[in-house]
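Chemist: For reference, the chains in residue letters:
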Amino acid sequence: MNVTINNLNVEAQPGQTILDVAKENDIHIPTLCHLNLHDTKVVNQVATCRVCMVEIEGRRNLMPACSTRVSDGMVIKTNTPRAVKSRRTIVELLLSNHPKDCLVCERNQNCELQALAAELGVRDVEYKGKRSRHDKDTSSYSLIRDPEKCVLCRRCETMCNKVQTVGVYSAVHRGFDTVMGTAFDEPILDTVCTFCGQCVSVCPTGALTQVDNTSEVWKAINDPDKFVIVQTAPAVRVALGEEFGVEAGTSVTGKMVAALKLMGFDKVCDTDFAADLTIMEEATEFIDRLKNGGKLPILTSCCPAWVKFIEHQFPDLLDIPSTCKSPHEMFGAIAKTYLAEKLDIDPKKIVVVSVMPCLAKKYEAIRPELSNKEIQNVDFVITTRELARMIREAGLTFNALDDDDFDDMLGESTGASVIFGTTGGVVEAAVRTAASWLEGKDIEKFDWTELRGLDGIRVATVPIAGVDVKIAIAHGLGNARKIFERIRAGEEFHIIEVMACPGGCIGGGGQPYYLEHDTSVLRKRAEALYAEDKEKAIRLSHKNPQIIKLYEEFLGDPGGHKAHALLHTKYVRRDN
Amino acid sequence: MNENDKQLAELDSYIDSFDTKKGKLIVSLHKAQDIYGYLSVDIQKHIAKRLGIPASKVYGVVTFYSFFNTTPKGKYSIDVCMGTACFVRGSADVLEEFKSQLKIDVGGTTEDGLFSLDSIRCVGACGLAPVVSVNGKVHGRVTRADVSKILDDYKSKEATA
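Going line by line, the protein sequences match chains A and B.
The first sequence: position 80 = 79 (numbering that gives the first Met the number 0), numbered continuously.
The second sequence: position 107 = 106 (numbering that gives the first Met the number 0), numbered continuously.
Mixed in with the good hints, there may be bad ones.
Claimed, not checked - Subject to a maximum C-alpha distance of 30 Å in a straight line, what follows is the list of computed DSBU-like cross-link-like pairs (lysine-lysine):
1. A:K218 <-> A:K348
2. A:K481 <-> B:K44
3. B:K48 <-> A:K40
4. B:K21 <-> A:K135
5. A:K481 <-> B:K98
6. B:K21 <-> A:K161
7. B:K44 <-> A:K135
8. A:K348 <-> A:K569
9. B:K48 <-> B:K102
10. B:K23 <-> A:K161
11. B:K21 <-> B:K74
12. B:K44 <-> A:K161
13. B:K48 <-> A:K481
14. B:K21 <-> A:K40
15. A:K569 <-> B:K98
16. A:K129 <-> B:K98
17. A:K523 <-> A:K542
18. B:K48 <-> A:K161
19. B:K30 <-> B:K5
20. A:K40 <-> B:K20
21. A:K481 <-> B:K102
Unchecked claim - Chain A residues, not near chain B, derived (Cβ > 12 Å throughout):
22. R59
23. V83
24. A170
25. E242
26. I319
27. D403
28. S435
29. K542
30. G559
31. D574
In short, the hints are calculated from the structure, not lab data.
Ideal placement from N, C-alpha and C gives every residue a C-beta, glycine not left out.
So that you can see chain B by itself, here it is in the shape it has in the complex (with noise of 0.2 Å):
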């Protein structure tokens, strides 16, 4: 079985374990980035016919939830807290300067698949606001100047890998 097959398989053992397939959809998108990081639409058409719903209702869904996402996540996923306590402590600042450094915009995935840009609400720790996580990994107290350094220390560790 290769990588792709087990993935899928993952996914339809999963649903096929509810005892109905009705309500199931949001917990099956939630597998379903588990498993492979984000929904493409080859996914999205696979878990409307699993569920015996239209593609169309999934999508909607879909685009709804800003949580959901549609392009594959970079190897270094960027969440950047917009939530009250780091946005009036300069969020918004720090956001930019990744977006202009990373020449992405907030969702999107830098060309090399290295890092990819996202903005989340309060992850808890409103003490280091503004706060910056990478792959989970929190950076507390992040300033517009530390953007440079947080991306070369990542770059730099994948020089070495």
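In isolation and in its complexed conformation, chain A is listed as follows (with noise of 0.2 Å):
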């Protein structure tokens, strides 16, 4: 079909909306609540902000671009004199009922109804009337609500209900007293959020913002008495440049090494060196799961969110995860118990900082059972968005650093480490080393395609030392959601592998926004994690040398006694 959009004659398909063909044609029409996930085909098209109000020629109102679906023949108009008042009217009337407090908010410069009232050339709010008033809600550790910077786009709802499956939020109350609200009014603390903070991702305004640490960390660093180590997640490399101006998917590992350590960090560590332990440990247990006739399939255990998830929503596989501690908790361990001894330092004047490009590790360093004689492993997570802004307030200009290496000790790394960062990594790490130790022999086979991509749920056989074994992925907690409930029904696998964010932590909740959720950027982040393990000279985590001491100087054997005391934890059956 044929539709007219400003004078230009476009062909459009049915079904699409008048903003669908615009934007296929270049023709840019402002909106706000309005978010397109691609990848999961889900798309909230609520039309409540009418940012995107169109002419249609021979109707009597404006229509919204966002869900109005074009017709043969249709004449839209997207910048008649009436539709652009219209748009700056709403705008103005979103900006009468918000705070302006923008120069000290959380999202200044960084702000989508701030963008849309500087793009509109909105220098005065003529609307004066009464404000919604709402309490902030501050009770997690990893996410602030700020209801009154809301302006009920329901892009977090949709977020939380349709992509994640967990029901957090919902429109609670009516009228001028609506507000994108928890069950019952509770504080977020105490609902099923997991933390994953993807809602946060998705937030125009900021309504939804992350737990800010950074002045904790700065105070631990500037506290002569305190040694602070930092590690840094596979993930943070290959987003944090985007931060800086540089193109999605450029690995930044060297200048960021250099940057934190101008920043003032004692020692600069990898997480990719506790990613490798965490697969010493995981194979092992998938082994003696597999020879012994444990319990099957075995869960990767590495994403905090996923973990709260199967706690509220599925008490009954508790028993399928994973013992392993997340590699950063992992870490903190180590640092805090034989990095100590080797450096001769109290552990209680260790502070361990993890950058990481998630919020629900925020909440996952508190959690008691993730301590070593009454020490938490982690003292502090900051992502990888605080870390951007903690490099500009050190002043230093980053893509003019020269790249630096990781300290020595806790900062070798293999390949199969890298790959923890994106959806299906962690399994074939597992695999490489899991199959390389069934078979008796180190495996020469390490691109495992057939577990790559970006699928929601991607299922493969893949034969190992006699055995076929049946893996899966899921990325996203409505696929871990239905990869769950497949395992409840009684199909059978040996591994899966679980991450809440879609993509896998490259697209965590604390990583840099990036505009529409736009996945061609998830995949570029991906490609530098697998370009990157591809250049390491071992790809195996069990040849890490460092690893190997470890265990011969310290820990004994893989899943042995003292290993189980400090990388290994428990879960929790919580209410749903």
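Assemble the dimeric complex from its two separately framed chains, guided by the hints.
Modeler: Written as structure tokens, this is what we have:
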């Protein structure tokens, strides 16, 4: 069919919205509530904000471009005085009910409402009236809800309910009092929230933001009595550059390390090292369960958001997750024991800071069972975004920094650990080591392409030492739910990998914001991780010389007594 | 089976009688309110689980519709009609009088559990406007001055019971 937009005759497909057709033809229509999550095939199309109103010939009223489907011969005008005026009025009305503390807002210069006001050239808000008043919810360790900044776009609800199937948010109360709230207005800490932070990723304003831990980290760095060790997750290095205008998918590991050293951390280490350690324990546990008739499938346990998800939603399946702590927690446990001994430092003086792509890790770090002798394994977690801000605060010109290397101890890692940052990576790393051990010789197949990609659920059967090992991978909690339901229904798998965030950690709730959740950004971040894996001399976790040394000097055997005490954890049944 | 179990069994058998649980939230809430008189947090959670939907969704619906109430009703439930006819004939004053005499707000219940107060829309007795209904019994042409008499009637009924 053909439609006319702004005097331009263009082709359109039945079922397309005016916004879809406009985009295809490089015609810009401002939007606010609209969000198209392409790969998950979920669209937030509630048309609540009315910013995208356009004029259609023959219709009395303006229509929202995001949710009005085109019809043959439709004549659309996006920039008539009436449409522009209406758009501006809508934004002014939104602003009239919005706090004006932009200068000190977490989302300053990174806010869709602010950008829209700038784009439309709003200079004054003539509507003065009552403003809705709501308390901030600062109950959680991961995210802050400030409903006064909410524009009721419902993106968080769509993300939480439809994509993640967690269902924390709903519009509650009515009319002027409407707020995106929780069940019974409970503080978010007391809800089924997994703290995955995907709601924060899609929030257009400062209504949902991360808990900021940067000042605590600066304080520790500047405390002469503290020995501050920082570790960085694999997914951080392929996204941090975006905060400094570098193209998505550029690995900035060397510059990141240089920045961390200049910021004053006493040691700059790599969570990748601990990912290799995780594989040692997890592959051992898998082989033990496989050979000795233990519970299968085994479920990878690196992601704290799905851990909380299963604790709430599938408490009957708590015996399937691996008991391994997540890599950064293992790192903390080793840093405050083995490294403390080596460096002759009192563990109480050691502060472990994790730079993570994740908001749930902030909450994970305070879980009481993730400690050793009443000392938490990890003290502070900051996100990729927070690290970028600290780098700016420190006055460093990031792009001009010379590459530097991680510190020697707990800094060396293999290609297997790098790919932990993307969906499918943990299970691929585990399979590399488990296959080598089961077959009695190191495998030569490194690239398990059947486990890669961004399909929400992937199932593959790989022959290992005469066993057809059935592997399932899910990313996004909605997909995880489907897999858990299949397990509950009796379908048999050997290994399952679940990551709460779409794309795995590269799409984590603490990563740089990216426009429209365009998954090409995720693909580029994933490709950068696989490229880094390929370049590594060692691509099997159990061949990491520092890991071998750690077991020889300190831990004993993988899965042994000491390893269990330090590197394994337990799960908790929670209400749903 | 005690009273609690009976009530819950009635609600559950109602919910379980549906072929599909889709779109059955509002009718289930109506049923629960019929049985219990109000929708407690526990009952809302129970319905959420039974229907397989998030508790936040249930709470969203309950707080949206003014017909649903989340606090227990008094023994005598007073509904003041705020429909157009009653309103123009002074029902707002009558409502204010009830509020001040009972010392509760609309939607509230007195501490002794005897009275609760709500505003409703047209009961179809506009000829008697303004109208107040107590447990379904309609009092017509109510004035501010009648309020204490209505309350006293129910109080004395209670005292002799």
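Chemist: None of the hints should be skipped; say for each whether it holds.
Modeler: Outcome of the hint check:
1. A:K218 <-> A:K348: 13 Å, holds
2. A:K481 <-> B:K44: 23 Å, holds
3. B:K48 <-> A:K40: Cα-Cα ~27 Å, so holds.
4. B:K21 <-> A:K135: 34 Å, violated
5. A:K481 <-> B:K98: Between K481 of chain A and K98 of chain B the Cα gap is close to 52 Å, so the pair fails against 30 Å, i.e. violated.
6. B:K21 <-> A:K161: Roughly 15 Å separates the two Cα atoms, so the pair holds.
7. B:K44 <-> A:K135: 24 Å, holds
8. A:K348 <-> A:K569: 27 Å, holds
9. B:K48 <-> B:K102: 37 Å, violated
10. B:K23 <-> A:K161: This hinted pair holds, its Cα atoms lying about 19 Å apart.
11. B:K21 <-> B:K74: Distance of about 34 Å is beyond 30 Å: violated.
12. B:K44 <-> A:K161: Cα-Cα ~20 Å, so holds.
13. B:K48 <-> A:K481: Within the cut-off at roughly 18 Å; holds.
14. B:K21 <-> A:K40: 22 Å, holds
15. A:K569 <-> B:K98: 54 Å, violated
16. A:K129 <-> B:K98: 26 Å, holds
17. A:K523 <-> A:K542: 28 Å, holds
18. B:K48 <-> A:K161: At roughly 17 Å apart (the allowed maximum being 30 Å), K161 of chain A and K48 of chain B satisfy the hint.
19. B:K30 <-> B:K5: 14 Å, holds
20. A:K40 <-> B:K20: 24 Å, holds
21. A:K481 <-> B:K102: Between K481 of chain A and K102 of chain B the Cα gap is close to 52 Å, so the pair fails against 30 Å, i.e. violated.
22. R59: 29 Å, holds
23. V83: Check passes; 34 Å lies beyond 12 Å.
24. A170: 5 Å, violated
25. E242: 33 Å, holds
26. I319: 22 Å, holds
27. D403: 47 Å, holds
28. S435: 44 Å, holds
29. K542: It holds; K542 of chain A is separated from chain B by about 46 Å at its closest Cβ, greater than 12 Å.
30. G559: Per Cβ check, G559 of chain A is outside 12 Å of chain B; nearest 42 Å; holds.
31. D574: Non-interface label fails for D574 of chain A: nearest chain B Cβ at 9 Å, not farther than 12 Å.
Hints 4, 5, 9, 11, 15, 21, 24 and 31 from the list above are not met by this structure, while the remaining hints are.
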